[in-house]
Amino acid sequence: MTELIKRTAADTAAAIASGEVSAVEVAQAHLDRIDAVDKKVNAFLHVDTEGALSAARAVDEKRAKGEKLGPLAGVPLALKDVFTTKGVPTTCGSKILEGWIPPYDATLTTRLKDAGVVILGKTNMDEFAMGSSTENSAYGPTGNPWDLSRIPGGSGGGSAAALAAYQAPLAIGTDTGGSIRQPGAVTGTVGVKPTYGAVSRYGLIAFSSSLDQGGPCARTVLDTALLHEAIAGYDPLDSTSINAPVPAVVEAAKRGEVRGMRIGVVKEFAGEGYQAGVMQRFNESVELLRELGAEIVEVSCPSFTLALPAYYLIAPSEASSNLARFDAMRYGLRVGDDGTRSAEDVTALTREAGFGAEVKRRIILGTYALSSGYYDAYYGSAQKVRTLISRDFDAAFAGVDVLISPTTPTTAFPIGERADDPMAMYLADLCTIPSNLAGNAAMSLPCGLAPEDNLPVGLQIIAPAMADDRLYRVGGAVEAALNDKWGHPLLEEAPAL
Amino acid sequence: MSVISLVSYEDALASYDPVMGLEVHVELGTKTKMFCGCSTELGAEPNSQTCPTCLGLPGSLPVVNAIGVESAIKIGLALNCEIAEWCRFARKNYFYPDMPKNFQTSQYDEPIAFNGYLDVQLEDGSTFRVEIERAHMEEDTGKSSHIGGATGRIHGASHSLLDYNRAGIPLIEIVTKPIEGAGERAPEVAKAYVAELRELIKALDVSEARMDKGQMRCDVNLSLRPHGREKFGTRSETKNVNSLRSVERAARFEIRRHATVLDEGGTIIQETRHFHEEDGSTTAGRIKDNAEDYRYFPEPDLVPIAPARDWVEELRAGLPELPRVRRARLQGEWGLSDKDMQSVLNAGAVQPILDTIAAGTNAEQARKWWMGEVARNANETGTELSEQPITPAQVARIAALVAEGKLNDKLAKQVIAAVLAGEGEPDAVIEARGLAVVSDDSALGAAVDQAIAENGAIADKIRDGKIAAVGALVGAVMKTTRGQADAAKVKDLILAKLGVEA
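These protein sequence lines map, in sequence, to chains A and B.
The first sequence: position 177 = 177 (the working numbering), numbered continuously.
The second sequence: position 203 = 203 (the working numbering), numbered continuously.
Do not take every clue at face value.
What the hints assert, rightly or not - Selected chain B positions facing chain A (in silico; Cβ < 7 angstroms):
1) Gly59
2) Val63
3) Arg91
4) Asn93
5) Tyr96
6) Arg295
7) Leu302
8) Pro304
Quick caveat, the hints were computed from the structure, so don't treat them as lab data.
Just so you know, even glycine gets a beta-carbon here, dropped at the ideal spot from N, CA and C.
Looking at chain B on its own, in the form it has when it is part of the complex (with noise of 0.2 angstroms):
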C-alpha cells in the first residue's frame, strides 16, 4: 500500500464527497457476563472466569442480564432513542474458534434501541448532529492469541491460544446512520462522534469505556461519492480502530485512498481492513460482499424482552446530566469564553480541573496551571493531559503556595516541571531546590536599595509619578534574588522607598 502514493487530502476533497457510518461496540461493565454468572474483571487467569454456559458446552442455556439490558436503555435513552416496547435476541451464525457457540447471541432486527441522535461539538465549537440507527445487545468473544507469527495475526502462526474469559461479556453495539454533509470535516466528525460518545457512557456510568483496554472500539465504514451523486459509493469497513487519534487518521486514510483508486479507474472493494498505528494506512483484512449470511434467527433459548414503560420512564428520569449540557453549565461556572472552554475540552482537562478545584482551588487557577505548564509538557511528550505524572492534588498544592505568596508564577512553573520530572511532592521540590520566595524584608530591602542606587534615572522618573517604570526596577531585584522574591511585594517596597503612592 506504503508504496502507492495517495492523492492528497484536498485533492480526494476536491473531487469527492465522504459518507461515513460508525460502529461503536461497548463492554458494559455489568460485574457478570451476558448470559451467565461468570465475573467480567479484567486480567485474570486465562479460562478462569468460565462455565458451561460461556464455554457453549452442549446442554448449557443463557440467562439475560438484568443489569445488560438496563445499561442498554439507559444508553439508548441518552441517545435519544426510541425504546423497543418488545424485542428479541437473535442467533448470529459465523464459525470463528473464539466463539464458543459458533454463533453469536446478537440482536437482528430487533434492536433494543433505535432512530436516535447524538449532537457533537466540533473544534470550532460548532454542532453537527449524528443519527443513530441502532443499539443492540450482544455478547463478546473470546480472545484469540496467535503464537509464532511476525504480526501476530494468524497468518503466519505455529499455533494459537484462547482465552474465553470474555466469552459473553455484555456488548452494546451502537450504530449510526450514514454520515452525510460533513465534507472535508468527515474526519474530525467520526472522532468528535466517538469522543462524545465515550462522554456519554462514562457519564451514564455504564462502562469505563476505556479505548486502551477494548472496552470500546471503533469501526470506521467509509465510501466516497462523486460532488452531486446521491447513491452511496462501496464502502470499506476499518475494524478496531482504537483510539480519538486513530478514528480521525483511518478516516483520513480512507479518504485518500478510495480517491487514489477511483481516480485511477478503480473500483473499490467491499472488505474489512486493517488500520496500523505506526504509519496511519490501512491494508485488506478479508473480502466482505453483501452475500455473507448469517442466518440470523430468533434465539430459541431467551423470552422476549419487553422493557415496561414505567421501567423505562424511570430510567430516563434518572438519567444523570449528560456530558453536552454538564459542559455548557461548567462553561458558565467558570466563566469561559466558548473559546477557551474549546481548549480546555480539546485538551482533556475537563476533569483534572474539576478534581483541582475538588482540592480547594479556585477555576482560574486550576485552569491556569493545566492548560499552561501541564498542557505544553502533555503536548511535547505527545500524550494526554490526564496521562501526566502529575495529580489534581499536587496542582492544587502549588496554586495553594502561590496564593500564600510562598511562591511566584516563575516558581511555580519549575515545581510544576520538576513534579513531572518525577523529582516528588511540591513541597518536597521546594525544600530540595530551595526554590521558596524570598520573602525576608532586610534581605529584600537590601536588594531593593541596591536597585534604586543602580538606576537613579529610572527611580527619578518613577518619583515624578511614571509609575509605570518600576517594572524595571522589579526586573533588577529579581534578577539580584535569582527570581525568589515575589513581585508585587517588590513593587510595593520600592514605591514605598521612593515614596510614591501605588
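Excised from the complex, chain A in its bound form (with noise of 0.2 angstroms):
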C-alpha cells in the first residue's frame, strides 16, 4: 500500500478513472497512513473517516455508472482546519471554537465535494492563521516530517506536513502573509497564494479579510495546478471576488518552459538574517533559469522594507474586528456561565481562556492601532505603504515577466526556538508578505537542501494579479530540471518516519 501514498494526485486520479484502484482503496490507504504517523506529526486536528470512506464511495459508484469523473475525483485532501465544513468539527486551531460543528460549508469546500475529491480531514494550524511555526494551535504544535523537532512552518504546518508525510497527496492552505508559501518552503512541498480574489473566501474564518487568501497545497507543480483549477473561480458569496476567467494553470504547470522570459530577482530579498545555505540554494536556482533560458536582471523593490511593520498594523487591525464576534454568545466555547455572572463577565473569561497569547497580543495591537487619535500614524500610513509597494511590484513587472526570491530566509528552525521572540518569529514572512499586501500571485516550490542542515529551502515565485499561470510555467520548469538533476522528487530524501 506504500505505493499508493506516494502517488501524484495526478497519477491517483488516473489510476481511480481506469478502474486501476478504487477510491475507497486510496482514501484507505491514506486514513491508514494518518493512523500510522500521526501521533508523531499531528498534522490533523480531526479525521473524518466516515465523511471520506462515504465520499470516495460515492466517486466509485459514479465511475461504476460509467459517469465522467473529473480530474481529481478520489483524489484525498487535507483541509486547513479554517474553512468551514458542514457538520464536520471547525477549530481554526482555536480553543474558542472548540465543539463548534459549522451549519454550512465554505464555497471552496463545496466545490471540492462537487470536483469528488476526498476531505479526509481538517489539518492543525497557527490559532487563527496567526503564526509561522503552528506552535500557536490550542492543539499542539505539528511536528517537519524531515526533523519532528523542528517547526512545519505555519500558519498551515498541518497541511504542509500532511503533505510531507504522505498522509495526503492534495491538501488547502490560506495565506495572509506567507501562511501557504512558508510551510511549503520548510518542508519540502509546494504551495501557492492565489492573486487575491481569485479563491472565494466564503467560509474561510478571517484573520485578515484583506490579505486572507486560500490556495492549493501538494508535492508537486501540477497537482498544485490541478487543485487550483478545482477552487478557483468567482463565487457571488464574496464580494472581492473575481468575476473573470481563472489562468490557465494546469496549461502552463505542463509546458514548465521560461525560454525568452524576464525574470526579475529582488535585491531587498538577501543579507543579514538569511542563511547561508538557503542563499546558496536560491543562487543555484538563479543559475538554473538562466541556464533554461530565462533572462536575468536585478530589480530594486525599496519599498518591501516596510512590509513587515505595514503587514504588523494592518493584520491585526482587521483581526481585532473580524475576532470580537467570539463573545461567547452563539457558539464554540463558554466558561463560567454560572447563573451569577453578566454576560460580559462570561464573555471576558471565555476569550480570557479561549484565545492563547498571540491571538490576545494581535487583538491588543489591532485594537490600538485602529483608536482614534492613533488610525492615520497607524493603520492610515501601513496603507500607504500598501500602496507604496503595489508601485514597486508594478514598476518591476513592466520589465519583467516574474519576480524571485527565497520563500523563508532560513530552513525549518527547532520548536520552541522562536515561541517568545515573536519579533524573530514574524521575520519568517519577510520574502512572502510583499504579495499579501499588494494582492499578486505566488508560489513556493522546493529547490534543495540547505547543505548545513539538510533541510529542505524554498524559492519563491511572484507573479503579477491574475497572472497566476506564470507561476506554474517558471515552477513547473525549475520542478523539471531539478528533479533530473537529483533523479528523484526532492521529498524522497526525507528520512521515514
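Quick one: dock chain against chain with the hints and give me the complex.
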C-alpha cells in the first residue's frame, strides 16, 4: 500500500478513472497512513473517516455508472481547519471554537466536494492563522516530517506536514502573510497563494480579510495546478471575488518552459538574517533558470523593507474586528456561565481562556492601531505603505514577467526556538508578505536542501495579479530540471517516519 | 427627575437658544436584508429569517443589496443631496449581544449622500429649511428582549432573549446639520421635519416608514446656548423617539431640563436619554463623552460603491412627485386657502380625502366630512385621523346619499357617528335606525300645512316678500318630522304653498 500514498494526485486520479484502484482503496490507504504516523506528526485536528470513505464510495459508484469523473475525483485532501465544513468540527486551531460544528460549507469546501475530492480531515494550524510555526495551535504543535523536533512552518503547518508525511497528496492552505508558502518551503512541498480574489473566502474564517487568500498545496507543481483549477473562480457570495476566467494554470504547469522569459531577482531579499545555505540554493536556482533560457535581471523594490511593519498594523487591525464576534453568546466555548455572572463577565472569562497569547497580542495591537488619534499614524500609514509596495511591484513587472526570491530566510527552526520571540518569528514572513499586501500571486517550491542542516529550501516565484499561470510555467520548469538533476523528487530524501 | 420642578418653556426660551440635531433611521422596505438574502418580513418566528451572514457566523461574508443602494440614492436625491461618486462601507466596532459580529457594517467618512436640505412647512404655513449633513447606509441590529425586569430594560432582568430576524435589515441614517434659529419653534420644527421626511420616504416607496412599527426611529440631539453666544452647549441625545408627537414633546422637555440645569449653574452631561411616552419626560441613559471610540475602518469584505452618473440621473428623473409639490398641486385642485390646506395637513386628512375622492365624491364633500365629523371624533379620542374606524368608501357612500337627497347633513352626521361606533355599513345603519329623509310628499305636505296653520304671522310675512322668514317654518317642519326631511325640499314646498317665487 506504500505505493498508493506516494503517488501524485494526477496519477491517483488516473488510476481511479481507469479502474486500477478504487477511490475507497486510495482513501483507506491514506487513512491508514494517518493512523500510523499522525501521533508523531500531529498534522490533523480531526480525521473524518466516515466522511472520507463515503465521498470515496460516491466516486466509485459514479465510475461504476459510467459517469465522467473530474480530474481530481477520488483524490484525498487535507483541509486546513480554517474553512468551514458542514457537520464537521472547525476550530481554526483555537479553544474558543472547540466543539463548534458549522451549519454550512465554505464555497471552497463545496467546490472540493463537487470535484469528487475526498476530504480526509482538518489540519492543524496556528490559532486563527496567526503564526509561522503552528506552535500557536491550541491543540499542540505539528512536527516537520523532515525532523519532528522542528517546525513545519505556519500557519498552515498541518497541511504542509500532511503532504510531506504522505498522509495526503493534496492540501488546502490559506496565506495571509506567507502561511501557504513558508510551510511549503520548510517541508519541501509546493504551495501557491493565488491572486487575491481568485479563490472565494466565503467560509474561510477571517484573520485579515484584505490579505487572506485560500490556495492549493501539493507535492508537485502539476498537482498544485490541478487543485488550483478546482478551487478558483468567481463566487457571488464573496464580494471581493474576481469575476474573470481562471488563468490556464494546468496548461502552464504542463508546459513548464521559461525560454525567453524575463525573471527579476529582488535585491532587497538578501543579506542579514538569510541563512547561507538558503542563499546558496537560491543562487543555484537563479543560475538554473538562466541555463533554461530565461533572462535574469536584478530588480529593486525599496518599499519592501516597510512591508513587515505595515503588515503587522493592517493584519492585527482587521483581526481585532474580525475576532470580536467570539463572545461566547452564540457558538463555541462559554466559560463561567454559572447563572451569577453578567454576559460581559462570561465573555471576558471565555476570551481569557479561549484565546492564546499570540491572538490576544494581535487583538490588542490592532485595537490600539485603530483607536481614534492613532488611526492615521498606524492604520492610515500602513495603507500608504501598501500602496507604495503595489507601485514597486507595478514598476518591477513593467520590466519582468516574474520575480524570484527565497521563500523564507531560513530552513525549519527547532520547535520552541522562537516561541517567546515574536519579532524573530515575524521575520520568517519577510519575503512573502509583500505579495499579500499587493494582492498578487506567488508560489513556493523546493529548490534543494541547505548544506548545513540538510533541510528543504523554498524558491519563491511572484507573478502579477491574474497572471497565476506564470507561476506554474516557471515552477514546472524548475521542478522538472531539478528532478532530472537529483534523479528523484526532493521529498524522497526525507527520513522515513 | 419628576421631583425637580422644571423652569417653564417660556422662561427657558427667554434665556437660551436651542440647537438641535436630528438623526432618523429608516428601515428600507427591501425584500431581503442589506448583506444577505434573508427575508425582511416582519412578525416571523424569532430567528427564522437568519443565515450564516446575518448571524455573523465565522467565515461568513456580506454582499451588498443593490436595491438598498438604489433606495439610499433615491432618498439622497429627494433630500437634495450630492451623491458620492465613490464611497465605502466602514466597520463601526462596538460590543452588544444583539449585534452578531460585534461590529456594525455602516458608513463613516464616505456616506453615499451628503449636503442636502429639506424644506418643511410649519403649522402657520411658513417654511423652514433643515440642512442635511448626510444620509448613509447601514444594517440594523437584532432585537433583545429583557425578561424578568420591571422596566423591560436590561437592568433588573433575569435573562435576555435575542432575535436576529432584524439583524441585517437595511437602514438609512439621515443626519441633519445643527438646526439653529428655530427658537421657540424648535420642537415644532423637529416634528415637522420628521413628518415631512416620513411623507417623503413613503412617496419614494422605499419604506412604509411606520414609526409605530419601528420602521422609522428618531434620535433628538439638543443643546442650549445663552442668547448671543455662538458656541454650542453640551448636547443630550434622546434615543428612539418613536412618534411625531413624542419628537415634539422630547425636544420641549429637553429644552426645559437643560435650562433648569444651566440656570442652577450646573453642567449638562453628554449622555443618551430615554424618552417616556407616559409623561413626556426623559431619563439618563449611558454617558457618551467624545472619547467613545468605534475604531472605524473601511470594511475590507466589501468593494467600494461607485454609482454610475447616468444611473444616478436616471433615478433622479424617475423620482415621484415629492410631498411639497404634491401638496401645492392638491391645494390648487381642491381650491383651498393656505389656512384651510394647513388645517387639512395638520389633521392628516390628505390621504383620506384623496381616497374618498377616488371612491366617487367631490373634493369639497370629501373634505367636509373628514374635517368635520370624523376629525371631531379623532380629536375627542386623541387618535390619528387615519386610524378612525371608518373607511373612505363609507364616507363616499354617505356623501353620495346626501347628494341624492336621501340624507341631509344632520342625518349624515348621525350615520357617521354610528359607523364610527361600529354599527356597520352606512346603508345598514340607515335601515336599522330608520334614518332616511322623509320624502313622501303627502306626509310632508301635511306637515307643511300644519306649520303654516300654526304660524300664521310668519306665513303672512313670507307672503309679503320676506322670504328669509321661511327658515322658521322649515324649522317647524323639521321638528315635526324629527329631522328626517330634506330641508331644501321643505323650503320649496312652503314657498309653493304660499305662492311665493323663491
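Consistency of the hints with the structure:
no., hint, in the structure
1, Gly59, "4 angstroms, holds"
2, Val63, "5 angstroms, holds"
3, Arg91, "5 angstroms, holds"
4, Asn93, "5 angstroms, holds"
5, Tyr96, "10 angstroms, violated"
6, Arg295, "4 angstroms, holds"
7, Leu302, "5 angstroms, holds"
8, Pro304, "10 angstroms, violated"
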